[in-house]
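The lines below spell out each chain.
There are 2 protein chains.
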Amino acid sequence: MNLDLTREVPKIDWGPYLANRTEQMKSSTIRELLKLTQQPDIISFAGGLPAPEFFPLREVEEACRYVVQSEGTVALQYSPTEGYRPLREFLARTMHKYGIPAVPENVLLTSGSQQALDLIGKILINEGDYVITSRPTYLGAIQAWNSYGARYHTVNLDDGGMVVDEIEHAYEKVLEDSKRPPKFIYVLPNFHNPAGTTLSLERRKKLVEVTGRLNLPIIEDDPYGQLRFEGEDIPPICTFAPERTIYLSTFSKTLTPGLRLGWIVCPEALMRRIVMAKQGADLHTGTFVQYVANDICQRGFLRPHVERLRQVYRERRDIMLDAMEEFWPVEQCRWTHPLGGLFLWAQVPEVINTTDFLQKALVEKVAYVPGSSFYPNADGGFDAMRLNFSFCPPEAIVEGTRRLGIALKKELGMV
Amino acid sequence: MNLDLTREVPKIDWGPYLANRTEQMKSSTIRELLKLTQQPDIISFAGGLPAPEFFPLREVEEACRYVVQSEGTVALQYSPTEGYRPLREFLARTMHKYGIPAVPENVLLTSGSQQALDLIGKILINEGDYVITSRPTYLGAIQAWNSYGARYHTVNLDDGGMVVDEIEHAYEKVLEDSKRPPKFIYVLPNFHNPAGTTLSLERRKKLVEVTGRLNLPIIEDDPYGQLRFEGEDIPPICTFAPERTIYLSTFSKTLTPGLRLGWIVCPEALMRRIVMAKQGADLHTGTFVQYVANDICQRGFLRPHVERLRQVYRERRDIMLDAMEEFWPVEQCRWTHPLGGLFLWAQVPEVINTTDFLQKALVEKVAYVPGSSFYPNADGGFDAMRLNFSFCPPEAIVEGTRRLGIALKKELGMV
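For the protein sequence lines, the chains are A and B, in the order given.
First residue of the first sequence: 54, per this note's numbering; consecutive thereafter.
First residue of the second sequence: 54, per this note's numbering; consecutive thereafter.
Misleading hints may appear alongside valid ones.
Each pair may be met inside one copy or between any two copies, as identical chains are not told apart.
Said to hold, decoys possible - Restricting the straight-line Cα-Cα distance to at most 25 Å, the calculated cross-link-like pairs of lysine-lysine (BS3-like) are:
| id | residue 1 | residue 2 |
| --- | --- | --- |
| 1 | K463 | K226 |
| 2 | K232 | K418 |
| 3 | K418 | K463 |
| 4 | K64 | K150 |
| 5 | K259 | K64 |
| 6 | K413 | K258 |
What the hints contain is simulated information worked out from the structure, not anything from laboratory work.
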């Protein structure tokens, strides 16, 4: 395009006008990387994107047509902040089957799960409040809560997920350091992003027991819970402490991310506060996309679709794991074997700094997210990387994993 | 629906966990009213809803089909925080024609204009910072900025819009009271919500001159600019000070509100900060609705559609004004004659408190928004009301205005 700019716009320094909280805001490494990795010759394991070739295009098109034709004048109008009532009912019913004692009044639709994290920060976090979370943890949460001046105390994570035995000590440490208790604990129980681990039933119960004793609210972030490849579903933490848990999930991984639809399940007393915060943030989530998602859900399409996604992603996980066994320096590395979700977490020898090494990987035309991005206090993950296995087709997974394996071997002087 | 809740969920007191900022959050009177006024027998002038019978249903349906069929795998995927590039280009071009020297890099898509207000608060407002605005002013802005601890210093508004001669005094008063300058001035130049007034070219230039001297940034909120019924367009304030102005607009009033699509035009230096804030807030605005809006825009549909809306809303404004002349106690009341937009502002005799009077109006099955809702310091508007003329069909406008006139006359002992 050719814009005829007839005059120069002067530049001013906006520094003096910026709010202090902007100092804590950082651009997401992942999102900046996504730009880089959009070059078509790079095989990217960096994003957290679902496989677009399995988007239910026909169903979305049909739902759009049905919604516009039958309810267009309401589906395109302003709507209540809480969300579209039939969709809230559907979600309450689904949550209930999943073990969460929710009624529609406990459910609020959000503009993706990211907005749920932002709203939680807005109503709960005062400048300097501590949040307890695992190391590593989901960086979108860190990004949301940094705006509100959160600080983080981390507990370790092993193959069984968050080491819940460390929670009490973490609580005491926060109390000692900041003279106030931590605001809440943030947990990703299923197929952890970035670690790929799952919290066992035993640990969930222990977590509920310990946090109950400490009166510590729980944020349970569960975007991947429905994408289990093997084993039995484990009841969500919210099942055991619904009065103290804010549960989050999303349509991004089961339907499509481009609709931007997530939801919060929370106690009614808190709902009023979240509604007020959301009114100020964006009035309400898009009416149209809620009607479209509702139509797709009510037709019973989601369950068989998710069943298919499970098969697709399980196959891709297996292909990646097999290729790692084949091409990686297996003696020097270790990685998680996720039971579901989109990611696995690989640890390489300490001599390799995965942030520096990314440049070399990009030369080999393959990308990942360096592990240190997921440590809110920047105190770990230097020898780790997050690998996504949902986005690339099978042959690209093999080739990308091979390229990464060769780059690692080169770096270690093995080839 | 019948949820089998097999056990009682205990309730806990969330009070001790809430962030201090929640004390400043209030639920929007308008949005609470919207619930009340959804009873089918009430004629509501309370909302700010566009006329749903003129939503471009066929065009939305066609755009949805085209987008899903031709670009579904990208249109339903995650996408860049800044927004969909072709839509940013379209908007930059449109803004440029409108007098704003924008390039695509100056444009960011938001989840409605409300999110733009929230993001501005997030990057600019520190606890206790003052914002200068008119009295009355748009309450969505107040709601957004209260979360960040804003305070407000108001200047008067008359039939010619904000009284710009008062700005310098307001600036000095803020400096004196808070020992720091106000953060920015918030202006609604076209068909003000709630007042219906328009800022003259002379006042716009004066505003730019004064704020330039004071180095005061300008937030120019222009959701209705395209809905002018009569007279010539006046160049936006941003035309005269693009380096210092953040300009906001939206598709809500021209296309439909249910897509939740607005945009910000701002200097590039600030864009980076807004992008970071938006990443934390909701990652990005819905990909799908951006593609749909872009398709409708690129086909050149919007211009003739807006032309039609202008005619519809002008007619409705005239019908309301005529009905007020006919049924209202004209000697005792006065009201604005907006040149565009969705609202007019009526002042009734001081003996009538419009908040109390709303109950009586509801008995007569008619609703409006009490004027005091639009005064951020709760220091005025007690004898005023905002009336929306875009939503109701002509016969309902006449009947509702008649009911309100009769209620007013009863209250004044005239019938």
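Structure-based check of each hint:
In the homo-oligomer, the alpha carbons of K463 and K226 never lie at most 25 Å apart, since the shortest distance is 43 Å inside one protomer and 67 Å across protomers. Taking the shortest alpha-carbon separations for K232 and K418, neither the intra-copy value of 49 Å nor the inter-copy value of 55 Å comes in at or below 25 Å. Taking the shortest alpha-carbon separations for K418 and K463, only the intra-copy value of 15 Å comes in at or below 25 Å, while the best inter-copy value is 78 Å. In this assembly of identical chains, K64 and K150 lie within 25 Å of each other by CA distance solely across copies; the values are 22 Å between and 57 Å within a copy.
For a Cα distance limit of 25 Å, the shortest separation of K259 from K64 across copies, 21 Å, qualifies, whereas the shortest one inside one copy, 56 Å, does not. Taking identical chains as interchangeable, the C-alpha atoms of K413 and K258 are never at most 25 Å apart, the minima being 44 Å within one chain and 55 Å between chains.
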